[in-house]
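Protein chains in written order, with the numbering used here: chain A, 5 to 435; chain B, 732 to 994.
There's no promise every hint is true.
Quick list of the computed label-pair ranges, beta carbon to beta carbon [unchecked claim]:
1) D51(A) to G988(B): 35 to 45 Å
2) P863(B) to A56(A): 54 to 64 Å
3) Q971(B) to G383(A): 47 to 57 Å
4) V862(B) to P433(A): 28 to 38 Å
5) A384(A) to Q861(B): 51 to 61 Å
6) F809(B) to A384(A): 32 to 42 Å
7) G125(A) to K806(B): 40 to 50 Å
8) A111(A) to V799(B): 40 to 50 Å
9) S259(A) to G988(B): 51 to 61 Å
10) P423(A) to V799(B): 21 to 31 Å
11) G932(B) to R123(A): 29 to 39 Å
12) P433(A) to F809(B): 46 to 56 Å
Hint data in this document are derived by calculation from the structure and do not stem from the laboratory.
Each residue gets a CB set at the ideal place from its N, CA and C atoms; glycine is no exception.
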Amino acid sequence: MKWIGRSVLGALVLTVLAIGGWLLLASRGGELATPSAASVTAENLRDPALIARGRYLTIVGDCAACHTAQGGQPYAGGRSVSTPFGNIPASNLTPDRTTGIGQWSFADFWRALHAGRGRRGELLYPAFPYTSYTRVTRDDALAMFAYLQTLAPVHTTPGASGLDFPYSMRSSLAAWRAMYFNEGGYRPEPAKSPAWNRGAYLVQGLGHCNECHAARDALGGVSGHPALSGGRIPELDWYAPDLSTRAGGGLKGWSEQDIVDLLQTGRSAKGVAFGPMADVVAGSTQYMSGDDLRAIATYLHALPPRAQLAEAMPQFDARALARQGGEIYGQHCADCHGKDGTGVAGVYPPLDGNSAVTEPTGINATRMVLLGGFAPLTGANPRPYSMPPFAQQLNDSEVSAVVSYIRHAWTNRASVVRPEDVSRYRHTPLD
Amino acid sequence: MPSRVHASRPYNCMMNTSPGTHLTRIHAAAAWFVAVTFVGASGHAVAAAKVPDTLQQRIAACTACHGVHGEGALKSGFFPRLAGKPAVYLARQLQNFQDGLRKYAPMEYTVRQLSPAYMREIAGYFAAQQVPYTRSPVPNASAAMLRRGEQLTSHGDPALKVPACSSCHGTQLTGVQPSIPALVGLPYDYVSSQLGSWRTGTRASAAPDCMAVIARRLGASDISAVATWLASRELPADMQAQPAGSIKPPLRCGVLGDHGGGA
Chain A
5 MKWIGRSVLG ALVLTVLAIG GWLLLASRGG ELATPSAASV TAENLRDPAL
55 IARGRYLTIV GDCAACHTAQ GGQPYAGGRS VSTPFGNIPA SNLTPDRTTG
105 IGQWSFADFW RALHAGRGRR GELLYPAFPY TSYTRVTRDD ALAMFAYLQT
155 LAPVHTTPGA SGLDFPYSMR SSLAAWRAMY FNEGGYRPEP AKSPAWNRGA
205 YLVQGLGHCN ECHAARDALG GVSGHPALSG GRIPELDWYA PDLSTRAGGG
255 LKGWSEQDIV DLLQTGRSAK GVAFGPMADV VAGSTQYMSG DDLRAIATYL
305 HALPPRAQLA EAMPQFDARA LARQGGEIYG QHCADCHGKD GTGVAGVYPP
355 LDGNSAVTEP TGINATRMVL LGGFAPLTGA NPRPYSMPPF AQQLNDSEVS
405 AVVSYIRHAW TNRASVVRPE DVSRYRHTPL D
Chain B
732 MPSRVHASRP YNCMMNTSPG THLTRIHAAA AWFVAVTFVG ASGHAVAAAK
782 VPDTLQQRIA ACTACHGVHG EGALKSGFFP RLAGKPAVYL ARQLQNFQDG
832 LRKYAPMEYT VRQLSPAYMR EIAGYFAAQQ VPYTRSPVPN ASAAMLRRGE
882 QLTSHGDPAL KVPACSSCHG TQLTGVQPSI PALVGLPYDY VSSQLGSWRT
932 GTRASAAPDC MAVIARRLGA SDISAVATWL ASRELPADMQ AQPAGSIKPP
982 LRCGVLGDHG GGA
């Protein structure tokens, strides 16, 4: 079935490919304007201030998260990035001359970041989020390039692409790009404050937040939905929530300080970062400057209200489910999260009104119950508290009951989670 | 994308189902409110929480499976006792899970971003716990199998180039500070699965990985024999690990700073 589905999809892609490829060729004017080699000298690449800024920016971009294998050297690549179309190995960003970017010029680097093309001009797979990075300024790209060139070269064995046909053909990317990729920089909005513009630049560009926090369609593109309006992360099976703080938003009621707190310390009065976001906080946002974090908060806080989803209704034997869920909650959850779901400030997150609990799919609450885990480890919280995993203690119906309970208790009004959903998330790979 | 997510929206009911069904759903929703309110009101009394600022409180993610004092899960051989194991050994295991040398998804997920300092602190907590050992069930085994287990454990098998377990894990198999764990008191399931993991590469340690070498020299029946004999052995009165430097390992071992012979 899966195979047939993929074949049909594949045929579809090939059809779209032909049209899209033509569109792309027709629409492409001249070559991308790359900076002249003369303006980038070996000497100014050694500028310590430039290198320091580049180090900061690669952390903001969280480049190491994908470009580092588990237990491997930072930035040396080797991690396999899973997508619904197959696995894509992340490349080596250290200046090794044969397996890294040791022979790359800045023009090569700029073209990859800005235009999504490799050193030989080949189209890069958008698992590398150039769809966002295209907004990064040339100055910032130069700083990052200067920093990466100072890393110790690591010689690696490149991983083989595990992409399925027809995605294994790079030419299929031309169609994809015609549909989903708009090359171009960030255009400041003069009517907005400098902080808002800085926040927008970081969120839409290097931060590449929309790559997770928006729904993807069947071809893996982000379009047709408002930016940052939340979406399921393919393969990882987590739900990256809507980031609007206004009515109907996933972060409804969050203050700018709550946003700064979460990104800087891993926790806020409204919730704790977990799953992939815990990794983002631990590896990236905790190191961002106060000014940049406040700029991000300013920008996110100004996102528009969202259409209110109608209240979800329970679908099956509600009374028995709620009673069972309530009992499990009292036994296993209330000690930390409180019987009223308010949590303990600074230690255990509230569950009442928490977007992680009420997001549309129920994936996050279900997987938190199954996996537990530590809050992000940050400079501000070096010895985090943790939640026990319940995968061993509770069966699928029990997890379904307690998750459905917390999704509908207090002021929460979200749909039930079925035992078969729990069963599925129980077996989701963890990386 | 899951259509079920929105399947419970009221307008779906209006469009796709009869008014009768819609009414039922409203009743169901009302029942839910009543039930939630009822259970919520009669929920367990919770002390207005002042959360203890202790490591034990912080590491609930660990103790849920390994026990509050690291006593291990009595019902399952796969959540081993941590109490009293050498701290350096435990910290190294956490690091190995983080680096993917030991493969077990829930552990890799749990420790994935802990700092070396926090992992050492957690390891120190479990190393310092003193709780009585409990015996786990011993599988039925023939006398011949037990003899084979004892032979491998206490004397090794020169033909297979397998040294005695006791040559590294201590004369009483209670471990050796700072890096070698005890083998007594471990359940059959745990010992056999770990030796199997070394053979299949889902458990590894710093190179040269002497345990991988040994596990690959053992056959499946030998692994079973060793695990059975270890699980069936009476526990020595003193379970403390031997002092550092009290053994001369017969193989080169990365975890021991690459000391030892070259078998």
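Hints, verified against the model:
| no. | hint | result |
| --- | --- | --- |
| 1 | D51(A) to G988(B): 35 to 45 Å | holds, 42 Å |
| 2 | P863(B) to A56(A): 54 to 64 Å | holds, 56 Å |
| 3 | Q971(B) to G383(A): 47 to 57 Å | violated, 38 Å |
| 4 | V862(B) to P433(A): 28 to 38 Å | holds, 35 Å |
| 5 | A384(A) to Q861(B): 51 to 61 Å | violated, 34 Å |
| 6 | F809(B) to A384(A): 32 to 42 Å | holds, 35 Å |
| 7 | G125(A) to K806(B): 40 to 50 Å | violated, 60 Å |
| 8 | A111(A) to V799(B): 40 to 50 Å | violated, 59 Å |
| 9 | S259(A) to G988(B): 51 to 61 Å | holds, 52 Å |
| 10 | P423(A) to V799(B): 21 to 31 Å | holds, 30 Å |
| 11 | G932(B) to R123(A): 29 to 39 Å | holds, 34 Å |
| 12 | P433(A) to F809(B): 46 to 56 Å | violated, 19 Å |
Violated hints, listed in ascending order, are 3, 5, 7, 8, 12; each of the other numbered hints is respected by the structure.
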